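Here is how the chains run, residue by residue.
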Amino acid sequence: MFNKILIANRGEIALRIIRACHELGISTVAVYSTADELALHVRFATEAVCIGPPESSRSYLHIPAIMSAAELTNADAIHPGYGFLAENAEFAGICEDHGITFLGPRSETIRLMGDKSAARETMMKAGVPVTPGTQGVIHNVQDAVREAEGLGYPVMVKASAGGGGRGMRRVETPDLLPEAFVQAQNEAQSAFGNGDLYVEKFISEPRHIEVQVMGGPDGKAVALGERECSIQRRNQKLIEESPSPVVDDKLRRKLCDAAVQAAEQVGYLGAGTVEFLLDNEQNFYFMEMNTRIQVEHPVTEMVYGIDLLKTQIGVHAGISVPAWVAKAQLRGHAIECRINAEDPLHDFRPAPGLITSFHVPGGMGVRVDTAAYAGYHVQPHYDSMIAKLIVHGTTRESAINRTQQALEEFVIEGIPTTIPFHQQVLADPDFRSGRFTTAFLESFQYQPSEEPA
Amino acid sequence: MFNKILIANRGEIALRIIRACHELGISTVAVYSTADELALHVRFATEAVCIGPPESSRSYLHIPAIMSAAELTNADAIHPGYGFLAENAEFAGICEDHGITFLGPRSETIRLMGDKSAARETMMKAGVPVTPGTQGVIHNVQDAVREAEGLGYPVMVKASAGGGGRGMRRVETPDLLPEAFVQAQNEAQSAFGNGDLYVEKFISEPRHIEVQVMGGPDGKAVALGERECSIQRRNQKLIEESPSPVVDDKLRRKLCDAAVQAAEQVGYLGAGTVEFLLDNEQNFYFMEMNTRIQVEHPVTEMVYGIDLLKTQIGVHAGISVPAWVAKAQLRGHAIECRINAEDPLHDFRPAPGLITSFHVPGGMGVRVDTAAYAGYHVQPHYDSMIAKLIVHGTTRESAINRTQQALEEFVIEGIPTTIPFHQQVLADPDFRSGRFTTAFLESFQYQPSEEPA
Amino acid sequence: MFKDKIKELIAIVEESNVHEVEVSTWWGRKIRVQKNSSFSPNSSSAAEVQAGSPLTVTTSSGQGPEVVAEEPVSEAERDYSKLHQITAPIVGTFYRAPSPDSAPYINVGDKVSAGQVICIIEAMKIMNEIESDANGTVVDILVENTNPVEYNQPLIVVDPS
Amino acid sequence: MFKDKIKELIAIVEESNVHEVEVSTWWGRKIRVQKNSSFSPNSSSAAEVQAGSPLTVTTSSGQGPEVVAEEPVSEAERDYSKLHQITAPIVGTFYRAPSPDSAPYINVGDKVSAGQVICIIEAMKIMNEIESDANGTVVDILVENTNPVEYNQPLIVVDPS
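Residue numbers (this note's numbering), protein chains in the order written: chain A, 1 to 453; chain B, 1 to 453; chain C, 1 to 161; chain D, 1 to 161.
Just so you know, these hints were derived from the structure itself, not from any lab.
Predicted model, so just to flag it, every value in this text is computed and none were measured.
Any given hint could turn out to be false.
[Stated by the list, open to error] 25 Å max Cα-Cα, derived BS3-like pairs, lysine-lysine:
1) A:Lys-327 - B:Lys-125
2) B:Lys-125 - B:Lys-250
3) B:Lys-4 - C:Lys-125
4) A:Lys-327 - B:Lys-4
[Stated by the list, open to error] Here's a subset of chain B near chain A, in silico, CB distances under 7 Å, partners left out:
5) Arg-19
6) Leu-277
7) Asp-279
8) Lys-327
9) Arg-349
10) Pro-352
11) Gly-363
12) Asp-369
[To be verified] Some residues of chain C that are not near chain B, with every Cβ distance over 10 Å (derived):
13) Ser-102
14) Val-108
15) Ala-114
16) Ile-141
17) Asn-145
18) Glu-150
Note that beta-carbon positions come from the ideal geometry of N, C-alpha and C, so glycine has one too.
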C-alpha cells in the first residue's frame, strides 16, 4: 500500500480523497493555490504545499509545480480527482516516468479513450453496441445520402474532430441532408481546421445512463450498476441517481456486461465510467468512457455500500478488486443534487462570494460531500460546485422525499445557490414519475420563489 | 396514516422525528420551553407552540401543557421521543383517553415493564432467560444464605424497589453475606421505604447487549439484530455499535428469538429494546425492556438500512411491519459516538454555553444527528448530549478508522465536548480488539491532549 | 422574550463602558447593540436587529444608528413596550368572559387591580381564571376571544401610571 | 499572503470612515481591524488576530488596542515587514550556489540589483535561476541551503533604501 498520496485537486473531491487515504492509514499532501489558503483540503491533509497563484494554469494545471511538490514531500502516488489533470495522458505519462503512481488508468488508456473515433472502434471490437453510423469519414454528399438511407432518418452529421455541439447537424429527411452536410463541413473546417464528417443514427428521446466500472491489476473488471444522469443543463449534470428508474435487472445485466467488456478490452485499471445513450426501446449505445472517478460516484457508493475511492486506491496498489465488491447487491435508491454557487434566476451564472452561513442537513440516509463552511469565500477561479447532497432511501419515492427534507434544511447564506432549483425539480411530476429524457431541463421552467430563499 | 404529529421532546430526537414525519407527508407540531425559542426543532416543524418556562417540570414534562398544545393544534398523535414522558404510563394513558395516539406501547405495557420484578416474571413465563435468582422476596439472612448456596458465588443482593445502584451489594463469599444483607436492607429501607430484598447470581465480566424489536399491530414482533452498549460511564452509554464484536450469527439468532418472545409475550406495539447481559461464556440474561425508541437506534438503521422511526410511525397507524423489514440483512458495521457538552477533564461535568463554531464531518458512511449549530446556546436545563456521530463501514475496523477521521473533522468551539475522549477510546487497543466489558471505562484513563482541542 | 433580550442588551451596553455587543444565530436573528461612537458616550444607543448570519465581515460605519427589523414589529407592540403586559401563564384557549352570554371580565379603559380575574384560559377542559398581576388601566386586549394562546404570550396591556 | 491581508485591511480602515472591519473563518483566523473609538479618528489603528470563531458575542472594550497573534510571528518577519521580500516564484528546492563547490550567489550585506541571479530553485531536475526583482542590500536570507520552498515563500530580504 502507499505511504503518502499527493492530491492534485481541490474542493470536495480533495477532501473525499483525503478521507479515504486517512481511513487506509495513508498520509496525504494537499497542494493549493494562494486563493485556497483557507480551503479545507489544506487544513485536513497531513501536509500542504502552496504551488502557485490562483489561475489554474499556473497551479492545479501546472504539471511541473505538482511534480515538484510530489518530489519534495516524497509522495509515492498522485490522485488527480476529477477535472484539472484527471484525464491528461501527458501528466499520467510524466508520473509513470518519475516512478510516482498515477491513480488513474495508464496514459495510453487515457489517450485512447480521449480520441472519439478510436474509442468507438475499440468498443466495436469489444462487441459493445455503438450508435449505428458510417465506418470512417464521409467525403461527399452522395456518400452521406447513401449511408443515411441505410441508417434510417433522422440522422446526425458530425465532425470527426468535433466537440461542444459545433460541426453537428440533425437531419430529419433526405432532402435536407445536402445543405446540412455543407454547413457542418464548413463549420468543422473553420472551428477545428478539419472538415472530416461522419453520419450517425440520431437517438431520439435518449437517456444518459452510465455504468461504474473498476478494473483490477489482473485485467479483470467489475461493474457496479448504472447511474441515471439525464437531468442535465447544457451537458452539465445536475441530478444523478442510482439505479435508473427505467433500468430493470435484465437491462442492468446487459449494461454491466457491456461495460465490463469495454473495460477489459483496454485492460482498464482503476475507477472508470462507461457512458451510454439509452433509447426509448431500451437499446443502448456506447457514448464515451470517462477515465476518472466521477463527481456522481457517491450514488453508486450509497446503493452498493462500497467505498469506490478506497477500492480504487487498492487496485492501484496492486490489490485485486475484493470478491465482496464484485458480489455487492443493490440496496435502495440514491439521489445526488449538485449544489452550485450559481444563480438559477439569472441563467445559472456563477456567483462566487462569501458564504455567511452554512448549515448542512443530517440524519438517516443523508450524506453531504463539501469543502465549504461558514466564512468560506467561494473562489471565482474555479468550478462553482460547492456541495453534493447525496440521499439514500429504500425506494425512489422515499429517497426523493428525504432529499426534499434535506434541501429544506440546507441553509447557505451570502451567495445564491441551486438549492431552490433542485427543490422545484424534485417536486416536478415528470421527474417524480421517472419519465424523462436528457431534454427534461430544456422544457423545465424554474419559478422564482415567492418568499426570499 | 396520521395527519399531524406533535413531538413532546426537543433536541436531536425532535428533529429526527420531524424528518421522518415530513418524509411521510405528515405535518408536525413542535412544543418548546422559553429556553428553546431558537432551537432547531422549533424552526423545522410545521408549527410550534411555546408550552412553558425552561424547567422541564413546567414544560416538556408538564402533561396538561402538552395535551393543550395537541388539542389546540389538532394533532392526532404524540411522539414522546426518549427521556421526558417517553416511558410515562400515565401520559400514555391520558393520550389514550383523549383519543390521541401515543406513539409508544400501550400504557399497561409501559407499566408492566417499568416494574422490575413483574417484568422479570413475565420474561420467565415467555421462556426468556433471566439472571438466576430467588423467586420473590427474601425475608432473612438464613434464607439468603441458602438461596446463594444454590446460585453459586459471587451473588448480588438487590433491593426489590431499587435503582441507581442503591440497596445493592456484591457478595463474594458466604461469610460476607450476613453483613451485606443487613446493610442492603437498611439502605433500601431508608432510600425507598421498602426493605424487600432478593438475591441474584452475579454475572462476571458482562457485556451489555440489546436487541431492537418492532411490534406490529397484529401482535407479531420482529427483531433487528443487536447493539453492543458496553462502553458506559456510570450507566451512561457513550459508544454503541451494531453488530457486537462478540456476537456471531448463531448467538444473534438466539438473542433475536428471545427478544421476539419477550415482545410477543406482552403484545408489544411499536419500537422497543430488550436489554441483556452477556457473560463470558455467551450466556445471556434479560435485564430490562426499554419501551421507547432509543438514543442509539441509528446504529441499527445504518447496518440494516431501515428507518426505524418511519417503521414505528407506520405500526402505530395500523400498518404491519413490512416483510422487507423482517427480512433485512445486516450489512457492514456501525458505531455511534455521543457528543456531549461535558468536560472530560473534569469528571464529565456538563458544560452548557454558547457554541461559537460548529462544523460537522461529512462524506461516505458519515451521519450526524444533531440540533446544534454555530450560535446555539447549549441550555443548562436539559441533557448535555448535543450530537450523535454515527459512522458506517464495511468492517468494524474500517468503521473505527472512519469514525476517527470524522471526529478529527468535527469542530465544536465555545464549549468543551466529549470529542477528544472518543478519539482516545477509539485509539485504545482493547477497544479496537473488541475485547471489553461494561467495566471498560472504569479502568480507561483519559489523557488531556497536548495541543489545545 | 426576544424583545426582552433586546432591552436587556441595551441595558448592558448603557450601563457599561463596552461600546458594542452582538448576539446572533445562523437561522435566528442577529441583535447588535452599539453606542454610536460619533456621539458622546451614553448619549444614545441603537438596537439593530437583522436576519442573522454567523459573522464574517462586519462593517460598522460611523454614521447614524440604523434599525432594521426582521419581523416587522407592529405599531401596537412598539407603543406598549414601556407599559405593563400581562402574559399567558399556560397554553390554552383564551376567553374574555366566563360564559358565552356573560359580559367580558374587562374592557379597554377599565381599571384593574392585582388579583382581579381578567380572562379565562381553557386547558384540557379546565377553565383557568387568569388574574391581573398589576394595578392600572387596561390599554389594549391583544388576543381575540376563543383564540389559542401560547405560554408567555402577551394578553392584556395595562398602563400602571 | 495572510500578512498581506492584514496590511490590506489596515489600509482599508485607515483610508475610510469605517471604524471596524472583521474577517474570519471558523477554522482559520479571525482578523479584526478597528480604529479605537477612544482616540481621535485616524490617530491609531489596531490589528487584532485571533483563533477564529464565526461570531456570536463580540465585545469590544473601549480600552487600548490589543494584539493577539494565533501564529506567533517571528521577530525577524515582524522587522522586515517594511522591507522588500523576494519570494519563490515556483515550488522546489532552494540552493544558494550554482554547485556544491561554488560560492553562494549572494551573502547578507551584499548589494543586489534587479535581474541579478540570487539563488537557484530546482524543480523536476531543472535548475531555475531566480533573479532579484529589486535593487538594494541583502538584509537576510530566510531559507537554508537545500531546503524545500513553496510558491510565494519569502526567500531573501532586501533593503531598497
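Broken hints, by number: Checked against the structure, the hints that fail are numbers 1, 4, 6, 7, 8, 9, 10, 18, while the rest are satisfied.
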